[in-house]
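Peer 1: Take a look at the letters that make up each chain.
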Amino acid sequence: MADVLNALVLLANFLIVPGLTYGSQLALGALGVTLIYSVLRFSNFGHGEIMSFGTMFTIFFTWLFQGWGLSIKPLPTALLALPFGILATMALVMIMDKTVYRYHRENKSSNVIFLIVSIGTMFVIGGIVRFAIGPADQIFFDGTRFIMKAREFKQMTGLSEGLAIKTTQGITIVTAVIVVAFIWWFLNKTRTGKSMRAYSDNENLALLSGIDPARVVMVAWLLVAALAAIAGTLYGLDKSFKPFTYMQLLLPIFAAAIVGGVGNPLGAIAGGYVVALSEIAVTFAYKRVVGYLVAEEHAPETLLQLLSTDYKIAVSFIILVIVLVIKPTGLFSGKTL
Amino acid sequence: MSFLVGENMTGGYGSADILHDCTIGVDKGQIAVIVGPNGAGKSTAMKATFGMLDLRLGRVMFDGEDITHLKPEERVLKGMGFVPQTHNVFTSMTVEENLEMGAFIRRDDIASTMEQVFDLFPILKEKRYQPAGELSGGQRQQVAVGRALMTQPKVLLLDEPTAGVSPIVMDELFDRIIEIARQGIAILMVEQNAKQALNIADKGYVLVQGANRFTDTGEALMANPEVRKAFLGG
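Keeping their order, the protein sequence lines are chains X and G.
For the first sequence, the numbering used here assigns the number 77 to the initial residue and increments by one for each residue that follows.
For the second sequence, the numbering used here assigns the number 21 to the initial residue and increments by one for each residue that follows.
Just chain X, same shape as in the assembly (with noise of 0.2 Å):
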């Protein structure tokens, strides 16, 4: 029986917790993007680095607030910081959206163009971030490091193997499970919610019905700005800022939105999760979870690790792939909010 836990243990502290966490990242990621995709129909590639900008400024006003002494001990400094980053953010999409992507949607350019537009600001912004804060790794979580230390968790349970929950790890699924909450809330609650799904619907009918395109427009913006600094931030928190990396992590969200089912937000949670679980289950060795399970005589010699973990992105190309062959509609049947 205790080997059945240890085993279970090692699983929730090397995959699920980890997980849960990426997912959740990934989730809030793609939120953003589906958004986009459902109501200005493009998908969005500067995604990413709208959320490096956001979690640039979260970074800014976090030295601010350090050099000022203000603290929210044991919880990081940043999460007092995000409402700027994430004000700061929706002041980029306002300004992006009027000097680039409204003159196309004035224009009606075709969906490829927006497209390409899309990857013309990720390079912008990309810039513009690696100019303001430079390209090196930035760490900026202070605060208590972790909820369950792996230690404090064996001696209260008597296992042999340890539980840790970072701190950063905690604030993440919550934030995601409140964010998620939040904007389940607002599309199917709110009178402007309501609205942004029925112009991403049917445009031609919410115009007959004298809803104002340039308003949801607009209003899913500051969502998505809201949505990709608070990503930005939590991934930040977890692992480090790094600009590149957030560029890398355009794959695995994009994966994410489309295994869900582009335009869905449901599905662009459930697809975070989807990837991020598969990348880590994937690239984890089972030697010793299989170890417990087994008598001593049958345990594994090899590491029994399907992929090594320098193939972790390859992961999110395969689910990609696979999802576009066999339901190119996604888990979720996408196009719709």
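Careful, some of the hints might be misleading.
Said to hold, decoys possible - If you want a taste of the chain X side facing chain G, the calculated C-beta under 7 Å gives, among others:
1) T266
2) D277
3) L283
4) S285
5) A290
6) K363
7) V366
8) A390
9) I394
Hints are computed from structural coordinates only; laboratory data are not their basis.
Beta carbons: idealized from backbone N, C-alpha and C, even for Gly.
Model the placement of chain G on the given structure of chain X, informed by the hints.
Peer 2: Showing chain G alone in chain X's frame:
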């Protein structure tokens, strides 16, 4: 002059004119029906009164006011309701949400209007929490008409409301349309089922190639041998 009238309308979507000096109108509490062969510009004529194409000549009058240069959204605010032929419901949203979106421009309490729509189409009350995309064709048309009624329009424009529904459902829909007209709303509709539509029409317009061919009461058009022979199949 009629309550809503498009007078001597000439124009089209691009450079070529579809409508040629076409006049259609409808009065409060009346049902006006536009019939004619395929490609006669029936829908175009109706859309022209709703501002969905540019008129080169002619004007549109609504309640004594010239609305020729208003956008469709602005005409909705004035009191016009339009039900497109296709894509006329929000498929991913529930019936109730569809009606709510219909009333988007209203800031007052919409509960009583929604009750009226439910009284008119009882099936919608039953299905109020179901996505409109899951309903049958006839039920969808009811949602579409209900959505347009939510603004409490003075004029309702219907583009082939019975397209693709069974004859039984068609009769049912026509009954509902008569009921709406009795509430004092002007109804202008385009119909493929010319005979049935003219039967309930106070006024009928037979269009051919974007121009008025016959204009009379529904009854008179039904009795007119020329109209019967050419457009109603004898």
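Peer 1: Could you tell me which of the hints above the structure violates, numbers in ascending order?
Peer 2: Per hint list: 1, 5, 6, 7, 8, 9 violated.
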